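Following the hints, put chain H in place on chain B, whose structure we already have.
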Amino acid sequence: MTVTSNDTSTEAAPVELVTFTIDGTEVSVPKGTLIIRAAEQAGIQIPRFCDHPLLAPAGACRQCLVEVAMPDREGNVRPMPKPQASCTMTVAPGMVVKTQHTSAAADKAQQGVMELLLMNHPLDCPVCDKGGECPLQNQAMSNGRTDSRFVDVKRTFPKPIALSTQILLDRERCVLCQRCTRFSEEIAGDAFIALQDRGAHQQIGRFDEDVLGFAGAESSTGPVDRPVGEAATDSSGRPFSSYYSGNTVQICPVGALTGAGYRFRSRPFDLVSTESIAEHDANGSAIRIDHRRGQVLRRLSGEDPVVNEEWITDKDRFAFTWQSAPDRLTTPLVRENGELRPASWVEALEVAAAGLAAARRDGGVGVLPGGRLTVEDAFAWSRFARTALGTNDVDQRVRVHSAEEAAFLAHAVAGSGMGVTFGDLEKAPAVLLAGLEAEEEAGVTYLRLRKAARSGTKIFSIAPYATRGLLRLDGTLLPAAPGTESEWLDGLRSGQAGDVDTSALTQPGAVILVGERLAGSPGAYAAALRLAEATGARLAWIPRRAGERGGVEAGLLPGLLPGGRPVTDAAARAQVAQAWGAEVPAEAGRDTAGILDALASGALGGALVGGVELGDLPDPEAARAALDAAGFVVSLEVRASEVTERADVVLPVAPPVERAGSYWNWEGRVRSFGAALESNALPDHRVLHVLAQQLGVDLQAATPAEAHLSIAMTQQEAWSGDRVAAPQDVRTAAPQVGPGQAVLATWRLQLDAGRGQDGEQFLAGTAKQPVARLSPATAEGFGVADGGRVAVSTSRGRVEVPVAVTAGMVDGVVWLPLNSVGSRVHATLGAAAGDLVDVSAAQVAPVAPTSDNSERQG
Amino acid sequence: MTLTPVLTDTWDKDRSWRLATYERAGGYGGLKKALRMEPAEIVQAVKDSGLRGRGGAGFPTGMKWGFLPPPDGGPRYLVVNADESEPGTCKDIPLMLASPQHLIEGVAITSFAIGCDHAFIYVRGEVLHVYRRLLSAVEEAYRAGYLGKNIQGSGFDLDVTVHAGAGAYICGEETALLDSLEGLRGQPRLKPPFPAVAGLYARPTVVNNVESIASVPAIVANGADWFASMGTEKSQGHGLFSLSGHVTRPGQYEAPLGITLRELLDLSGGIRAGHELKFWTPGGSSTPIFTQEHLDTPLDYESVGAAGSMLGTRALQIFDETVCVVRAVSRWTDFYAHESCGKCTPCREGTYWLKQVLHRIEAGEGAEGDLELLLDLCDNILGKAFCALGDGAVSPITSSIEHFRDEYQAHIDGHGCPFDPSASALFPYTPKTRTPGALTGAGAGGH
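For the protein sequence lines, the chains are B and H, in the order given.
For the first sequence, counting from 1, position 820 maps to 820 in UniProt numbering; every step adds exactly one.
For the second sequence, counting from 1, position 190 maps to 190 in UniProt numbering; every step adds exactly one.
Just chain H, with the same shape it has in the complex:
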């Protein structure tokens, strides 16, 4: 399988983020074509293309648009979820940095298709450089008449607001994002009503991932069949595969869905020299980890699901044999404990507890029965939390114990970590070890 550069096509051009660069490569052809179509035709084309949400859940994008109630004269909104915060996930941010006009053209086409005249892009707050670049790209698009009043003489008006979040993982959850966008504290909302019925400001709202929206212009320009010709039967089209960790050439690899890690490793120069693959995430830290045995699992929604994980955001974090799985999982768990929004008991209290147990095991203070405790706590969180974040928090723990139970046990039996953390670093590194004394107040203190 080969690369299929669509979104990444112009990333290597000079000043690739400029509108002119984008236009030279045929940019905004999709919008011009779309404005001559009926909105319903566009929705149908996206349905026919088989595009599924690129934010992780993989819900068919066209179908999501179709859930909007019929127009009632009031406003309806498109909200782009650009709050990319999952550990390992790093596709939307480079896309918006290298070629923001892909997203903006997609926003314009989608807004036209769903009857929205005010779209919002909610960008993760920490990536200030992306926020700036988006602001300037939106400004360029306004000046060129791709946004604003009477776009391209079509009579269609669209305003785009770029909003920076304040740094909360939970705001990637679409209803928490909407609360945050409204100026409230970001916590997930009770559903129903779903955003399609009562979303932003209680109006019908479509919330889509950056990559999903950015994929729309090419679908409109090249046709649904072109898009559907890529990928597998049920996972169609191209997608960004983000390789990070112990690979020779980490980065973004845009390829048809269904490509395997083995193929991607071939494209990226393989595992770092002299080492071998130990475990990897197919779609970010919230997806159960894979091992060597999954090298040939096609990376599409169905195959990854059948193999016991989720395609997620195609964030492939690669860990070689130098990495202690307990240490890696413990860091991820720290993240979830830090980012739990606090609304519901299982996630709030559960991650707080999991973090302390993992710290104990890693520091060699694990007790017999701690693995059963971890697994039972995970069972008490999985499916019991208010939103999917609780489920995501337990995925790395349960999957790593499944694949590497002996390694956990070795930490407990040997009263410490058998790994040398500096061996996994790509630079000179003296690890700070967790001493028993340092554990005092570990849970009560910082993050």
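The following block holds chain B by itself, in its conformation from the complex:
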């Protein structure tokens, strides 16, 4: 596949080099390089524990001591009296470094430190998760004594401490390198463990009111997020809740921090590792899948400096059991006498092809591929819709969507190649977030934003309240009720918003990140484009799902063909037709809502549905009714779902772990991965290929290689014709909020009731408890207090959750998590962000509120 790569405007500044000598070899490295990094570049490994390239130097473990000599004023090289920690000292011109390889003193210093580290370390390697991949074990072998002289009493601790349902701490294994505490402070910003006590009793500890004489945890430092499961309190006294805690397990150089799900499950040397790409969001994080005998046992972060560095979210790390859930489809199913029954591929394909052909004659087939496809699949779906079904009734969006959004994507995103990158975020003077709660909806993007914020990038967020995530970015809230985002976007063009100085947004390199939720805010996408044009800021669209960016590229929208080509443009159609060897229908198709309406009314004869959860649609009830009414439904799915229940033919497809493929992440970067597990399961493109054969069409997507060739044919030259016009400004009157009503604000939490997290109980315990957020004035208006219960209702149903009164929130707005246990907004209320809902104090809570409002749900 060819990728048009914009020349990123980074003029490489000349790097000043420093020449020094290490172990007798002269080496030149960039100025400011730490000795330990320079040694790596020279191929010399210095043992270390506290050192981590992405964390600030600590110099705590002293394992990396080396001998250093420096030239004095006359140029005579004089040895420094003490060995130096190579992880804290930068190279200097003329410096002479001797590591353990050439210096007996350095070697003895390292062996001495190693012996001291092992002295209090338990010899439980045979039962320790880290055994076999343990830096302490390995370096004890390479840089330690053969035996210990310690015959006295070891320090012990009770074991282990559960920091959350997911993370366990065995203190006696800890070598106090502080990687975990530095990670949570420097990277994630949600510190939950800290060094406590001193001397040999120093330990990594959780927050303890008794130790610290702490009074009053609920401080003014922002909204509190309580996890569903039991958790230790974080360093500010709140229950620990982090989406990044798994990284501490991975960077722990010993087995002190372990994950509950993997603990005692496997030995590293029994595992087969496959590099892959995480499927849970649009970041395309590099991961490593560790599996044994066809079963995935854990996932780790991969290393990719330009994307996720070495960090992933807990969701990407721990949520993998969905792919082998008990409701996995293993064989094609065909409906007979109202019941689905297993069928052979041959039979199922024949029935499906015949049914689709009939449905096409009977008004046409609507195509709903879903937003989680690989690029190979997305192009196959796009081509299948256009050539095998002859329709533009195709839309990947299984969420709130709008015609304005389709126009925006076609105008500004499709065919634009690599745009804003993760690296650009770091360099930006300012980043504006609109319709995007980065920590919840784009996990590692949040970490990059935090890295940027720590080095001076100003973060602005248009949202109804300042989340904990935004506060940890030191960000500025531009308070907006849902639906009014465009007012801010227009107002920001001047570089001054009210009394907020937003001039950094007008400086070169500024970035606007818009999320898919802007589809629910009329005029917002158009306003974002205008703002980008007025300020020169670069614009990037960050969807939630892994497949949506690639789907836009493949033309999985009713008015869009591959590469940003408008359906309505004859030349564009001609190019695609030539690539595909078949005519492309000329009239723009229906979007998701239109397809569902047409299925319900019978205007469409049938539907071809991919990975779609009906509960993700703004009105799941209507979607169910539409599929129930549809004449003929073919479903391509990994697991049984509400769609397969309603399908006439179900064709099982492979989950990511059992297939090769690639995603385009939100940057537009190709993220390819291979199959981790051997499997007979077929990817979507292969299934569509054989289904197309039944319909007499060659989809040229039988294998990944053929699918790539097929993609390349549409991408041979970039589309140079007219693009779809920018969306028109849409203005809607602000809703009239009556008494007892509020405007609904809602978005998905990273950990929620999504089916991608099924089967991971430990992870589920770290999800946030659902609460309804109200401003103090609004809460008072409804007569509810913090910790009390509130009912949010529509004519369709009601959600009853605890209230979290949130200072600084926009008045007249109620926020609910979109799809959490106990708060399924679309399914229960049939409502979406910006809709009016009724709010009232709920009847007496079943449990009396505790003093710290921490009313928990089971």
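Because the hints were derived from the structure by calculation, they are not lab data.
If you're wondering where the values come from, they're calculated on a predicted model, not measured in any experiment.
All clues given are correct.
Across the chosen pairs, the derived CB separations fall in these ranges:
1. B:Met141 x H:Met1: 52 to 62 Å
2. B:Glu26 x H:Leu375: 32 to 42 Å
3. B:Gly94 x H:Lys13: 51 to 61 Å
If you want the footprint, here are the derived chain H segments under chain B, 3+ residues with CB under 8 Å:
4. 334–345
5. 353–359
6. 384–396
Don't be surprised by glycine CBs; every beta carbon is placed ideally from N, CA and C.
For chain H alone, kept in the frame of chain B given last:
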């Protein structure tokens, strides 16, 4: 050599800690003079006087002030290190108790000299009486117009905050002190940046010992030459020598640097009657011990260094022949194990191990090879730790084995301590012996 009472001049006066007493003795003359000088002149005078840091390291005070970057309009701080916690060291606490205005005048002059308008005094938390006395002395100084706004009509503003630590030896390390003062857990910081560049709240900061700052007023009042006329060529001025232990009259002896222990013993009535000197520390427990052969070593930075120890804080702990050196060193090691901050491996784990080995030897459970083990452990700690505390922890062990190896060996060979601990006590005392059973969990348990 005779005593040179400067800081101790008014200690015997009635209510010596009162501002009025201090003023009657000429106090605050230095500040009044300083306020008429250029700040740079004061810095130069302190440089010329040869005053070196009295907290132990002996770094030239004026030079330290000179490391501050040029003013950038932002705040810069003076922090007085009054966290005196070293075993044996007991000079700053009596000084602040008997004559706190010496320190406060010094703070005012130094702040004026370095362009600081908010100074901090970080007092060791356990000495509540000193903390109270300092608070009241600062209050008196405010009322008299020596602190606060427009001091003595000069236009110079200065606020002084007295802060009590929470009881950690490590907070005497200047960067750990700064962390603690900022409200963090006291552990030493990575250097660079040094406090002069990024200290308290990441601003340029001078951190000085109490005695150093308290010496400044007299230097300004009497001139650098007056100060430099005392002491030796490279160790100039007066200093407090704290004699403790088996001396007839323990206490503070303010004398020119370069005085010898023999002279100090003459002044203090000698070793307790009927006994003779066995070993002593020249500057607190972190300085390698001396013996009789060092009685005539001049107590200045250079001579003590040349003799294999450090002048340190001039805390002379005197031990006579009744004292078991293993027992004394073991107690010091207990202290270092208790006070190790835990940040770095060598100090944290090393002191934990050393403590257990010394306990074993003292209890008669020492094994052949334990002395080599002790010396090798000390070598693995010395120079490898994050800050100087690790080095300090091994000094008494290595120096005592050097001077008294036979005594250690006797503990091992004889399976017990040949000394009677009650003989070294100055009061009726029945020692608690360390029985083998009591060793169980010794390392894991308390301190």
